[in-house]
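Visitor: From first to last, the protein sequence lines are chains A and B. Add 1 to the 1-based position in the first sequence for my numbering, that's all there is to it. Add 1 to the 1-based position in the second sequence for my numbering, that's all there is to it.
Keep in mind the hints are simulated off the structure, nothing from the lab. Any given hint could turn out to be false.
When chains are identical, the list treats them as one kind, so a pair holds in a single copy or across two.
[Claimed, not checked] Straight-line distance between alpha carbons at most 35 Å, and here's what the computed DSBU-like set of lysine-lysine pairs gives:
no.: 1; residue 1: Lys92; residue 2: Lys276
no.: 2; residue 1: Lys32; residue 2: Lys92
no.: 3; residue 1: Lys145; residue 2: Lys260
no.: 4; residue 1: Lys161; residue 2: Lys123
no.: 5; residue 1: Lys260; residue 2: Lys112
no.: 6; residue 1: Lys288; residue 2: Lys217
no.: 7; residue 1: Lys112; residue 2: Lys236
no.: 8; residue 1: Lys288; residue 2: Lys307
no.: 9; residue 1: Lys276; residue 2: Lys112
no.: 10; residue 1: Lys92; residue 2: Lys267
no.: 11; residue 1: Lys236; residue 2: Lys70
no.: 12; residue 1: Lys112; residue 2: Lys288
no.: 13; residue 1: Lys123; residue 2: Lys145
no.: 14; residue 1: Lys163; residue 2: Lys260
no.: 15; residue 1: Lys112; residue 2: Lys267
There are 2 protein chains.
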Amino acid sequence: MCGFMGTVVALAGGVGAAKLLRGLVRVISPKNLFIIGNVGDDIELYGLHISPDLDIIMYTLADIVDETKGWGIASDTFNCLEMLGRLGFEKWFQLGDKDLATHIIRTKMLKEGMTLSQATAKLCKMLGVEANLLPMSDNPVRTKIRSGNMLLDFQEYFVKRKTMDTVTDVIFEGAEKAKPAPGVIEAIEEAERIIICPSNPLLSISPILAVSAIRKALENSNAPIVGVSPIVGGKALKGPADRVMASMGFEPSAYGVAKFYGKLLKHFVIDEIDKEQKTLIEGLGIKVTVTNTVMKNIEDSIRLAKVLMGIAKANK
Amino acid sequence: MCGFMGTVVALAGGVGAAKLLRGLVRVISPKNLFIIGNVGDDIELYGLHISPDLDIIMYTLADIVDETKGWGIASDTFNCLEMLGRLGFEKWFQLGDKDLATHIIRTKMLKEGMTLSQATAKLCKMLGVEANLLPMSDNPVRTKIRSGNMLLDFQEYFVKRKTMDTVTDVIFEGAEKAKPAPGVIEAIEEAERIIICPSNPLLSISPILAVSAIRKALENSNAPIVGVSPIVGGKALKGPADRVMASMGFEPSAYGVAKFYGKLLKHFVIDEIDKEQKTLIEGLGIKVTVTNTVMKNIEDSIRLAKVLMGIAKANK
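Bound conformation, chain A alone (with noise of 0.2 Å):
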């Protein structure tokens, strides 16, 4: 622990942040932590409520991820899936047997009336999380990809389709009614530090600011907000953020993300391949560090969790 008693907010998405935050509430007491996790990649298959990225989140934080893949559970089968196959439905979405008991409890609880914060809150307690994971909203926000003529649902897009469509547009349905689950809010104007994990800019992290009150809550803070560079010597540590973001018209760079969240960003902390890029990130008005990014285990994870702590809240 790195004695920081205050709480911290961290915007996240799947693989990358999970690794982030793994480190991280071994640096800060995890109760302190406040996971603000993105559900536009929710999906509903065979009527299971799915949340992929608040999954990867808990699995990782409950130190039962597979390793490898930085998504599901180690060690996991697939004989309900060949099972559905054989039933005569669509298998490409990766559901292992131990990760469907998720789903089915979390299917389960919102039947029966609960929010899915409060299944997610349900769930992490069962699985010993003891951070604070809240999805972004209770509200279907449902990310949609558009490439040329064709909109694809997101898991169709990044499944399904592999993500070898180029993306034109990304669209949040939903996004618009859709209010902050409860204590986001309260969380963004307590923390007094606030992360933006190495996820996808445009797919995992813009769903999350387009939720207007979550956004404003953001630029309203007095917390610092640090982000780490997803983009690592112009590629994509994993996914298809560097794509993504050229196709949208973004430079696919530290740099790129940088100007992507613009004046949100007081601080970025970018590998040390991309050391080139300080000035003129430093341009845009928003404070640099350089380090090592790239997590291969835990301790990268703690190293790089230590280095975002330790940016002084002066920073602001």
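Following the hints, position chain B against chain A.
Guide: Same frame as chain A, now just chain B:
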């Protein structure tokens, strides 16, 4: 095929019935077979609708049943159940991962507004089951077991408490109001032969007979009703039928079963080992065929099915 061209109705519980039925579909055209399945054992678990008896029959006729257990799907794993346990849920109901696919899809179909018979028909089609599997009713009928002061749900008695309680009464909740599922009465009216499978008379066949329109249609039927004793040598081949009969005041024997069905039965097939009960049963006005009724393999099932189909219609 035995050349029999009419339709056959079979009243069926779980494992014992399924063993006979898989012989029957090899002796007559599966399309001419109408199975009326018990749904008194149905249970909602983890928000999923489970129909154990229908599934046993469906899996057996699809040739994917776990032959050793007589229920569930062959080579299944139990990883989802293990995870459900980790999430704090009871895991006494043995839900295999492949098996779960059925329950997930059934639940999805019911949620979308399909009836249980429509969902069952669709599942059967997906699994290539050609016989007509009809739930006795689309309305909920729930078998409850009274044991002294305790009132147990059927699966609680059967699986969770491993039939350890002495059954003092059996209640079919909802049976009074339940209507036969579409096709059930028509099937009985048009049947040229009606079979009561070797299932538990009090726990598996009684719920079907508790739907009054079904009992009435059977009583009015012109087809000979032929039963097969589930009690061989005073013992149930599987399950607690012998103990339940005794505790409910019926003699746990082929004769006791015949007496229980009474005038509904026109003909009863009993095992060689029980041949001495022939005269006693005939004394009830029921014709008797003595043969080997124990089905250890598919050949036994076919042989018994042939005996049943060979019983002349004149027997009526």
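Visitor: All hints, please: hold or fail.
Guide: Hints, one by one, checked against the model:
1. Lys92 with Lys276: neither (43 Å within a copy, 54 Å between copies)
2. Lys32 with Lys92: For Lys32 and Lys92, only the inter-copy Cα distance (30 Å) is at most 35 Å; the intra-copy one is 37 Å.
3. Lys145 with Lys260: Within one copy only: 23 Å inside, 66 Å across.
4. Lys161 with Lys123: both (30 Å within a copy, 25 Å between copies)
5. Lys260 with Lys112: neither (42 Å within a copy, 46 Å between copies)
6. Lys288 with Lys217: within (22 Å within a copy, 84 Å between copies)
7. Lys112 with Lys236: neither (41 Å within a copy, 44 Å between copies)
8. Lys288 with Lys307: Close inside one copy (17 Å), not across copies (86 Å); limit 35 Å.
9. Lys276 with Lys112: neither (50 Å within a copy, 55 Å between copies)
10. Lys92 with Lys267: So Lys92 and Lys267 fail the 35 Å test inside a copy (43 Å) and across (50 Å) alike.
11. Lys236 with Lys70: Within one copy only: 18 Å inside, 53 Å across.
12. Lys112 with Lys288: For Lys112 and Lys288, the Cα distance exceeds 35 Å both inside one copy (46 Å) and across copies (53 Å).
13. Lys123 with Lys145: both (28 Å within a copy, 31 Å between copies)
14. Lys163 with Lys260: Intra 27 Å, inter 65 Å, cutoff 35 Å: intra-copy only.
15. Lys112 with Lys267: neither (41 Å within a copy, 48 Å between copies)
In terms of the numbered hints stated before, the structure departs from hints 1, 5, 7, 9, 10, 12 and 15, listed from lowest to highest.
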